[in-house]
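Sequences listed follow chains Z and B, in order. Count the first sequence with this note's numbering and you get residues 1 to 875, in order. Count the second sequence with this note's numbering and you get residues 1 to 110, in order.
Each hint should be verified, as a subset may be incorrect.
[Unchecked claim] Derived DSSO-like pairs: lysine-lysine, alpha-carbon spacing no greater than 27 Å straight-line:
#1 B:K83 to Z:K39
#2 B:K94 to Z:K64
#3 B:K64 to Z:K64
[Stated by the list, open to error] Facing chain Z, a subset of chain B residues (Cβ under 10 Å, in silico):
#4 L23
#5 G30
#6 A42
#7 K46
#8 L50
#9 R56
#10 Q80
#11 K83
[Unchecked claim] Which chain B residues stay away from chain Z? Per the calculated CB distances, all over 12 Å, these:
#12 L16
#13 L29
#14 R33
#15 T39
#16 F43
#17 P47
#18 L54
#19 E71
#20 R86
#21 K94
#22 V99
#23 L101
#24 I103
#25 R105
#26 L107
Note that these hints are calculated values from the structure, not bench results. Idealized CB from N, CA, C, for every residue including glycine.
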Amino acid sequence: MPAYRRFVSTLRSLFRKTALDSELDRELQSHVEMLTEEKVSAGMTKTEARRAALLELGGMAQVKEEVRARRLGATLDTWLQDIRYAFRTLRNNLGFTVVALLILSLGIGATTSLFSTIHSVLLRGVPFEQPERLVIGQKTIEGRASWVSRVDYYDFHELNQSFEQLAAMTDFTVQRTVTGGPRPELVQVGYVTWNVFPALRVLPVAGRGFTRDDEVDGANQFVVISYGYWQSRFGGATQAIGSTLPLDGVPRTVIGVLPPDFRFLIDADAWSLVDRNGPFDLRRDSHSHIVIGRLKPGVTFAQAQQEVSTIARGLADEYPVTNTGKGMRLTRMQSFMVRSVRTSLLLLLATSVLVLIVACANVAGLMLARSEQRRTEMAMRAALGAARKRLVRQLLTESVILTVTAGMLGVGLAYAMQGVSAQLLPTGELGIERPAINALALGFALFVAVTTGLLIGVIPALRGTNLQPGQQLRSGKHATIGMRSARLRSGLVVLQVATTVVLLIGSGLLIRSFAELSSVELGFDDHNLITGQLQIQGTTYPTPEEQRQFYSSLLQEVETIPGVVSATLSSKLPIRARWQDWPVYPVDEPPATDLEAPMAMVRWVSPGYFRTMGIPLTGGRDFSVTDVDGAAYVTILSERAVQRVFLDEDPIGQAVRIGWDERNYYVIGVAADARINTLDGAPDAAAYMSTTQVGATRLQIAVRTTIDPAQLVSPIEDLLQRKDPHAVFSWPATMESVVDDELAGPRIITVSLSLFSGLALLLAAIGLYGVLAYHVGQRINEFGIRLAMGASAANLLGMVLRRGLLLVAIGLLVGIAAAYPGTLLIRQLLFETQTLDIASYVAAAVFLGFVGAVACLLPAWRATRVDVVEVLRIE
Amino acid sequence: MAAGKADLLRGTLDMLILKTLTLQPMHGLGISRRIEQVTEGAFTVKPGSLFPALQRLEQEGWIKGAWGESENNRRAKYYQLTKAGRRRLGEEKKNWTQVVLAITRVLEAT
């Protein structure tokens, strides 16, 4: 029979059930009448005939039932019946339903929300063509992955056979000033080899991209601009192509515009070619690039890795001084983009799954209790002929309806939280562009809902229907409550407590770690400090002398602004700007290779920097205005640098070489260690040099204030505007906010995990309360008798509490045992906190014990309030 | 096994009903009386199996029911063989012959 007919028949039997039934009625009626007539003709009396006819039919109702069961869609009909019945029972137990829905929807909602985030962040492809063939290459030294030298890159580029394109770019931007507009503005410039965009298969929306010839010509004269910058500076006009864009006074020609959705590693306004003449990595031991490769079709990732390793070994043989021990590590682009957030997101997903487990155990406990109460109902239905299979199906239908409804509420919740979670959760460099809740997330939620429904329903359903109707009905309300059921519910509580302990310990560790991180000794004073980026034009101040004069007079004028204590300059202020670690070594002890030289972060600072920043000088003197260009070049080392370079000998007066500068620098002072690079790393060794001995157009300014530092932004801007309208003061931020931004990521993880743990704790407490309350309810008669026999209220309280606390204790032990392997997973998120941190374990145990005790107390107290007379009368 | 027996009977009943209806449209009682007559009482078709079978055959599209007048001016549901039903009967007959042949061979094998 054609499928459509079957379908139509099925629909007909579903929706025209009453019509079909009444037709069947009439048919059977006429059948009986005809039979009767037949029998009357055979000589029976009318009454006899009718009786005989009905007998022959063998029960009108039975025949009808047979026919109905034979109809197509009969199964579906039974389902609908089950569903209607389930809704009715759930509605009749509104209290249970609401509590269960609340618990489950929180669990499912949290899991779905995280799943969708993880799906959009971790699983979403890189937004380029054939992303599976894109890889990122990084240099490795002793297993540590880092930037690649451009000079090395060219060798990899020439020698490899595996890549369709092997390109390189800086994964940072350089700020350049663009003049010629109404106001000079700072733009972010990224540096790429010509084939970065072809490797990514990104085509310009206007103009053209770079070509190999642009690079070979060597003239660094073209720029490709971002869509956003095209709009903001050129209003999206096509005349932009071919027009001139002066970068730091050097004219560049705009040749193309990238697509609006192009986003890759850095937010650059303009892209310039890094060519063989610069501006970065003129040597093999200077590393500023990351390598982007597109594998040739048919070349596997492993083959490509093998080839680049071979090339790296070849380079090491050829250039032992710079390349010994240097490797090249390939990473699939997808994993590279999410490397920083993967652990956090997976941790959160695992957490939400644990919360879901607690929620499931909780509701399973509720359902189990309810199925005990419904044994009489089930026995009645069994006695009336319902098969056990049918009863189990009925109960499972109920639990699945419960969880699917909860799932819908949960998705609603996740949807409502979507905006919040997109902001709260770490999203990595790919970001989230689309709404996070998509069909897949919905499918996931449905899957979770149905699975949990079956999971929490199956045991109560099997236990609740495993009965002898006769016995059950005879014993009436005081049905024997299986000890096994009580044990099962206790087991569920233990599961909840144990899971909660794991979560509590995990959040305890993260909270400790966060506390460590936020109370880290900065080594400088971040209060009342406003910072910003300064840029002057090389065209206005062509000589270093003019540049120095501008900056020193600027500092003097800033210091006259009311509320300002002092002002200082630095090439890179702490935390705000990073890296630039150079080799530093005593002049008379040059290292065999640069790799063996002690490294230190180099910073150029103005005299008074240490005082303004609050970094103590522990020896020697500060830079002074008399340390001019041409005089002896001077440096101040941090204590750690002294340790590394001079092995703690007195460094004052010693001469050192810094980086690749051919000059000697004489150590004039020692500064205390400070976290000038990152918050979570140890204080780095630092070598400070004086801005009075070099020229610079771009410096960062830090101003120490007596008033709210944010109030000084506009006075400084005004001052600069008056002094030089072409100078730019940008990205002002208080040092406190700079430090605080660093804490945002860890804070989110800590807060989320704490929230989840709190939720689990609440659920576990409810579960514990439920089991004990039920327990007390079952033993209420016994308690009454005990009271009547002279037991004190304290005795009873103790009895109940003991039972509850026993469950808590078992759960605690199991949880603590499970927590240790669990915490190993978050080890890499921890900052200066041991995974076996005793305080976190103890705190979790105490906290949970306390909440557990409170949850036990109420049922225990009720046990002591039993009305003896009432109980005895019932007995 | 009980299920196997029921299936065989049901299958046979379907064929008998379809065959009976090749003569003319009939109502349920007519069909069962006709089968009784032809088999000389070897098969009696109980309403408990007749009506579910009719229901199924109608849903499969092999027969079609319509209300009509009986010999004694009673309203009764008359079933009529459809084209598909006729084809189905042919297949069933062929099947049956094969089964009978096969069984006979087994029984007569020495």
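Here is how each hint holds up against the structure:
In summary, the hint linking B:K83 to Z:K39 is not supported, as the alpha carbons are separated by about 35 Å, beyond the 27 Å threshold. As the CA atoms of B:K94 and Z:K64 are separated by approximately 33 Å, the hinted pair breaks the 27 Å bound. Pair hint B:K64 plus Z:K64 holds up; C-alpha atoms about 19 Å apart against a cutoff of 27 Å. With its C-beta approaching chain Z no nearer than about 18 Å, B:L23 sits outside the 10 Å limit, and its interface hint is violated.
At a threshold of 10 Å, the smallest CB-CB gap from B:G30 to chain Z is about 8 Å, leaving the interface hint in force. Evaluation of the B:A42 hint against chain Z yields a violated restraint, the C-beta minimum of about 18 Å exceeding 10 Å. A distance limit of 10 Å between C-beta atoms decides the matter here; for B:K46 the minimum to chain Z is near 6 Å, and the interface restraint holds. For B:L50, the shortest C-beta to C-beta distance to chain Z is roughly 9 Å, which falls under 10 Å, so the interface hint holds.
The restraint placing B:R56 at the interface with chain Z holds, with a minimum CB-CB distance near 5 Å, inside the 10 Å limit. Evaluation of the B:Q80 hint against chain Z yields a violated restraint, the C-beta minimum of about 15 Å exceeding 10 Å. Contact between B:K83 and chain Z, as hinted, is not supported at the beta carbon level, the nearest pair being about 13 Å apart and thus beyond 10 Å. For B:L16, the condition that its CB be more than 12 Å from all CB atoms of chain Z holds, with the nearest at approximately 17 Å.
Annotated as non-interface, B:L29 brings its C-beta within 12 Å of a C-beta of chain Z; the closest such distance is 5 Å. Listed as a non-interface residue, B:R33 fails to keep its Cβ farther than 12 Å from every Cβ of chain Z; the least gap is roughly 8 Å. Look at B:T39: its CB is around 18 Å from the nearest CB on chain Z, clear of 12 Å, so calling it non-interface holds up. Distance to chain Z confirms B:F43 as a non-interface residue, since its nearest Cβ pair spans about 15 Å, more than 12 Å.
The claim that B:P47 lies off the interface is violated: its Cβ sits roughly 5 Å from the closest Cβ of chain Z, which falls inside the 12 Å cut-off. Interface exclusion of B:L54 from chain Z breaks down, the closest Cβ pair being 8 Å apart, not more than 12 Å. At roughly 9 Å from the closest C-beta of chain Z, the C-beta of B:E71 falls inside 12 Å, breaking its exclusion from the interface. The beta carbon of B:R86 is kept farther than 12 Å from every beta carbon of chain Z, the shortest such distance being approximately 15 Å.
The Cβ of B:K94 sits about 19 Å from the closest Cβ of chain Z, beyond the 12 Å cut-off, so the non-interface label holds. Under the 12 Å C-beta cut-off, the non-interface status given to B:V99 relative to chain Z holds; the minimum distance is some 23 Å. Annotated as non-interface, B:L101 keeps its C-beta farther than 12 Å from every C-beta of chain Z; the closest such distance is 28 Å. A cut-off of 12 Å between C-beta atoms confirms that B:I103 is not in contact with chain Z; the least separation is 28 Å.
With a cut of 12 Å on Cβ distances, B:R105 stays outside the contact zone with chain Z, its closest approach being about 33 Å. With a minimum CB-CB distance of about 34 Å to chain Z, B:L107 clears the 12 Å threshold, and the non-interface call stands.
Comparing the model with each numbered hint stated earlier shows that hints 1, 2, 4, 6, 10, 11, 13, 14, 17, 18 and 19 do not hold.
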